[in-house]
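Asker: Top line first, the protein sequences correspond to chains A and B.
Start counting the first sequence at 1; every next residue gets the next number (this note's numbering).
Start counting the second sequence at 1; every next residue gets the next number (this note's numbering).
Hints may be right or wrong, so weigh each one.
Calculated cross-link-like contacts (lysine-lysine; reagent style BS3-like; alpha-carbon spacing at most 30 Å) [unchecked claim]:
| no. | chain 1 | residue 1 | chain 2 | residue 2 |
| --- | --- | --- | --- | --- |
| 1 | A | Lys243 | B | Lys184 |
| 2 | A | Lys155 | A | Lys243 |
| 3 | B | Lys143 | A | Lys387 |
| 4 | B | Lys401 | A | Lys243 |
Computed, partial: chain A to chain B, Cβ under 7 Å [unchecked claim]:
| no. | residue |
| --- | --- |
| 5 | Glu323 |
| 6 | Ala329 |
| 7 | Arg335 |
It should be emphasised that the hints constitute simulated quantities derived from the structure, not laboratory data.
Note that the Cβ used here is the ideal one computed from N, Cα and C, for glycine as well.
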Amino acid sequence: MTNLTQLTLADALDGLRKRQFSSREITQAHLDEIEKANPNLNAYVAVTAEKALAMADAADAQLGKTKGKVGKLEGAPLGVKDLFCTEGVRTTACSNILGEFTPPYESTVTQNLWDQGAVMLGKLNMDEFAMGSANETSRFGPPTNPWRREGANTKLTSGGSSGGSATAVAADLCLAATASDTGGSIRQPAAFTGTVGIKPTYGRASRYGMVAFASSLDQAGPLAKSVMDAAIMLEVMCSADEKDSTSLQMPVPNWTKSVGKGVKGMKIGVPKEYRMDGMPDSIEKLWQKGIDWLKAQGAEIVDVSLPHTKYALPAYYIVAPAEASSNLARYDGMRYGARQTGSGSLTDTYEQTRGQGFGAEVQRRLLIGTYVLSAGYYDAYYLRAQKVRTKILQDFESAFGAVDALLTPATPSAAFAYGEKSDDPVAMYLNDVFTVTANLAGLPGMSVPAGLDENGLPLGLQVISKALDEDACFKVGAALEEAAGFTARPERWW
Amino acid sequence: MVERTEYRIEGATGDWEVVMGLEVHAQVSTAAKLFSGAPTAFGADPNTNVSLVDAAMPGMLPVINRSCVEQAVKTGIGLNAEINLWSRFDRKNYFYPDLPQGYQISQYQFPVVGEGQISVEAEEGYTFVVGIERLHLEQDAGKSIHDLDPNATYVDLNRSGVALMEIVSRPDIRSPAEAAAYVKKLRSILIALGTCDGDMEKGNLRADVNVSVRRPGDELGTRCEIKNVNSFRFIQQAAEYEARRQIEILEGGGKIDQETRLFNATTGETRSMRSKEDAHDYRYFPDPDLLPLEIDAALIDRIRADMPELPDEKRQRFIDSYGLTPYDAGVLASDADKAAYFEAVAEGRDAKLAANWVTQELLGYLNKQDIALADSPISAERLGGLIALIADETISGKIAKQVFAKMIDSDDTAAQIVEREGLKQVTDTGAIAGIIDKVLAENPDQVAQVQAQRAEGHAKPKALGWFVGQIMRASGGKANPQAVNEILAEKLGL
Chain A
1 MTNLTQLTLA
11 DALDGLRKRQ
21 FSSREITQAH
31 LDEIEKANPN
41 LNAYVAVTAE
51 KALAMADAAD
61 AQLGKTKGKV
71 GKLEGAPLGV
81 KDLFCTEGVR
91 TTACSNILGE
101 FTPPYESTVT
111 QNLWDQGAVM
121 LGKLNMDEFA
131 MGSANETSRF
141 GPPTNPWRRE
151 GANTKLTSGG
161 SSGGSATAVA
171 ADLCLAATAS
181 DTGGSIRQPA
191 AFTGTVGIKP
201 TYGRASRYGM
211 VAFASSLDQA
221 GPLAKSVMDA
231 AIMLEVMCSA
241 DEKDSTSLQM
251 PVPNWTKSVG
261 KGVKGMKIGV
271 PKEYRMDGMP
281 DSIEKLWQKG
291 IDWLKAQGAE
301 IVDVSLPHTK
311 YALPAYYIVA
321 PAEASSNLAR
331 YDGMRYGARQ
341 TGSGSLTDTY
351 EQTRGQGFGA
361 EVQRRLLIGT
371 YVLSAGYYDA
381 YYLRAQKVRT
391 KILQDFESAF
401 GAVDALLTPA
411 TPSAAFAYGE
421 KSDDPVAMYL
431 NDVFTVTANL
441 AGLPGMSVPA
451 GLDENGLPLG
461 LQVISKALDE
471 DACFKVGAAL
481 EEAAGFTARP
491 ERWW
Chain B
1 MVERTEYRIE
11 GATGDWEVVM
21 GLEVHAQVST
31 AAKLFSGAPT
41 AFGADPNTNV
51 SLVDAAMPGM
61 LPVINRSCVE
71 QAVKTGIGLN
81 AEINLWSRFD
91 RKNYFYPDLP
101 QGYQISQYQF
111 PVVGEGQISV
121 EAEEGYTFVV
131 GIERLHLEQD
141 AGKSIHDLDP
151 NATYVDLNRS
161 GVALMEIVSR
171 PDIRSPAEAA
181 AYVKKLRSIL
191 IALGTCDGDM
201 EKGNLRADVN
211 VSVRRPGDEL
221 GTRCEIKNVN
231 SFRFIQQAAE
241 YEARRQIEIL
251 EGGGKIDQET
261 RLFNATTGET
271 RSMRSKEDAH
281 DYRYFPDPDL
291 LPLEIDAALI
301 DRIRADMPEL
311 PDEKRQRFID
321 SYGLTPYDAG
331 VLASDADKAA
341 YFEAVAEGRD
351 AKLAANWVTQ
361 ELLGYLNKQD
371 IALADSPISA
381 ERLGGLIALI
391 ADETISGKIA
401 KQVFAKMIDS
411 DDTAAQIVER
421 EGLKQVTDTG
431 AIAGIIDKVL
441 AENPDQVAQV
451 QAQRAEGHAK
461 PKALGWFVGQ
471 IMRASGGKAN
481 PQAVNEILAE
491 KLGL
């Protein structure tokens, strides 16, 4: 039992149920790994070792009973993105403005995990308020991608905003992690780290207790080591929640059953608009490989068109900042978090608190959002962006009249080095070009590792399916995973 | 049918007409707030009726309280207004310490209730119609307390998130008195419906008063809005002051700046709060945390079937079934307490007599003493007993007033007082004839005068009235006046 941390979630749960090892053992193994790796990888911004061991002992007690309910995640040590409020555990969304904020309440998504016996290892790094694609905006500094280019030791980003979650999963610092996706924040880090990530249909996972970025786009989902692990996690994370008005009031399907069902007879659409100018060859080739794999497994490949795709990114960068500018108004230094009084006047308190509390990227988006909602600009920006959103949804609906799922690249490049794009916000925003469409349309989207580029860095393929049809994502994702036989692991340099 | 009074303010250069429209904020009578389960009870210790949602903690989400929606629909029906089956909540963004979210959730573009109208009885006796433009639901803010500490402002969030109905009238009001009458009528409707307690002292009903002036027949002038006026008297005072202020500016060759003003109840003046140029840009946009508000037509039918009797219906019933004058019916029906009191007095008795006694004697006395009807020293039952004695001629109306005065200071019934004080009316014609004989014998000059006047052809000699007075006095007011008249005429040979 030397490599407990390298187990998949599915195998670990199996081992725990069979009492091959205890939750305390596998939890302690992860805590040991975190202690060794975190100074280099900076995945965790808070480690809750004591709490983890206590939860592990409780799980072991449950697993030891001859009768009684064993949770779906009983004893499995997991990481939690710092966006999810966790009762009694500091939650900052990696922003200075939240100071040492410690919520007296638990998010619905994490509560669902604990209700099924999961163990919390700690809180994971992320872009400040989930705004970013490289985790460079975290108040705790960025995590480092466990993967490096062959023969180089340049530090690469794990992507963002769920970069800490992706790092932790890829480096075996948890069995799986919660993450969130507003424009690609699960799928892009998954692609950059050789992990699996899925964003479900909007409304499947409750947003209660998840620090809001853009309410109409935010959706929680897992980062995991395999498609099966992602299915296990997502089943538990999702629920109908009356505390979230946008939560879907319907039962959560049994997605694990879809994993491995195969794609025979499925129609897979390949949208021509996702073939971008200047896209690296390696990504083009991987996409073709994915098409061939699915064809070989009996799927029918159909060329489809999503004509409004090119407007998705601009629309996203209006809608998301607009909602954020309002959602983040509550961080005013009045009730919780870090407060800077300046001269002591009300205006100065606001300005100092928000000026010092928010980082540059957050401030940029708040300014954009405030601008596009202003009188006289609302129609030209926000309203038009919402119309584009409707067009994008209609594109998908018409494509899904002919196909069951879409196959696209997950990102326009492999992981890049820190600083490579941070000077140019627009270049950074382009990271989301393949992923924002699913958020704008509220559709499920999954990123599956499918190969390595010429530098030995992982690349992901994205599967987008109809609303409420995560099953299709899991079927196609599992087929790709199997065909790709992706077993590469980052060299353990940390 | 009384004509509508043309209210004019005489300026130095001629007459001016006042045009007014009101925005009334009415706190919805419900146990819980609009978007959280926190209680709404008045008078709780500061910051005790505050949920995590009201305090805008990170990740907290609003969930509509359906009972507030039902109250709004009920009110809409009571205002003869259109109920919108589809409406939407928007965010009104601005920063203030008593607004934890940094935005107020309101209905900007699509209110739950559309156009309606109510008819209002003016004090002069005429009736005018005020159009209702809309009614929408919104959150109240918390309360900033500036006078506890010279260097700090304290915030009480108990009101934060409490449901308000904003009822916007058309500019159909033409005088300060009409404005007060309109709010009175609106208040009586809300109280009858049970959708707002109408308590203006607690701020549960308050008005923003829009005032403009023009030459009669001209186009509408520029208006000013006076915020948060919270009594009928202040509404009249503020409107009157504001109209005169505007006239003075216009007659001096100036123009009115559209602005928001505050009323100072101590000085009776209004002062500028902010001009149109300084007006906030509220950056309204649809609240992405909430779904559109959809109302089932069946709900409207159910509420309609369950409507209590409204003041207008009650007034008509008082006219039709009790035979009251429209004026008395209006006075009694305008207030649920008065109506109930009257109906208890009138039960099985002479209703018109009951109406006279309630409106004139009882309400006259209570108003003079500033006593609420609920605290009346004379119960409906006791007043009914008094009226019964008048109706069966046990006492005259004049004696009844004496009995009424005695009832205020005692708990005895009218019958007990009449009995004890020997106030029973004398109807025995023999006894009355004896008194008349005595008075005639004592006043031979006056007898001669009556007969002289009679001889001159006067049908009703003036001195006759003098005799009636003397005879009544001699009987201690107890003689039946009709019998006195008849016997006196006979004795004088008239």
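Asker: Hint by hint, say whether it matches the structure.
Answerer: Against the structure, the hints:
1. Taken as a hint, the lysine 243(A) and lysine 184(B) pair is broken in the structure, with Cα atoms around 39 Å apart against an allowance of 30 Å.
2. This hinted pair does not check out: lysine 155(A) and lysine 243(A) have alpha carbons roughly 41 Å apart, beyond 30 Å.
3. At most 30 Å may separate the alpha-carbon atoms for a hinted pair to count; lysine 143(B) and lysine 387(A) exceed this at roughly 39 Å.
4. Between lysine 401(B) and lysine 243(A) the alpha-carbon distance is near 63 Å, which puts this suggested pair outside the 30 Å criterion.
5. Given hint, glutamate 323(A) at the interface with chain B, holds; its Cβ is 5 Å from that chain's nearest Cβ, closer than 7 Å.
6. Interface hint at alanine 329(A): satisfied, since its Cβ lies 2 Å from the closest Cβ of chain B, which is below the 7 Å cut-off.
7. Proximity of arginine 335(A) to chain B holds as hinted, the smallest CB-CB distance being about 6 Å (cut-off 7 Å).
This entry does not satisfy hints 1, 2, 3 and 4, going by the numbered hints stated previously.
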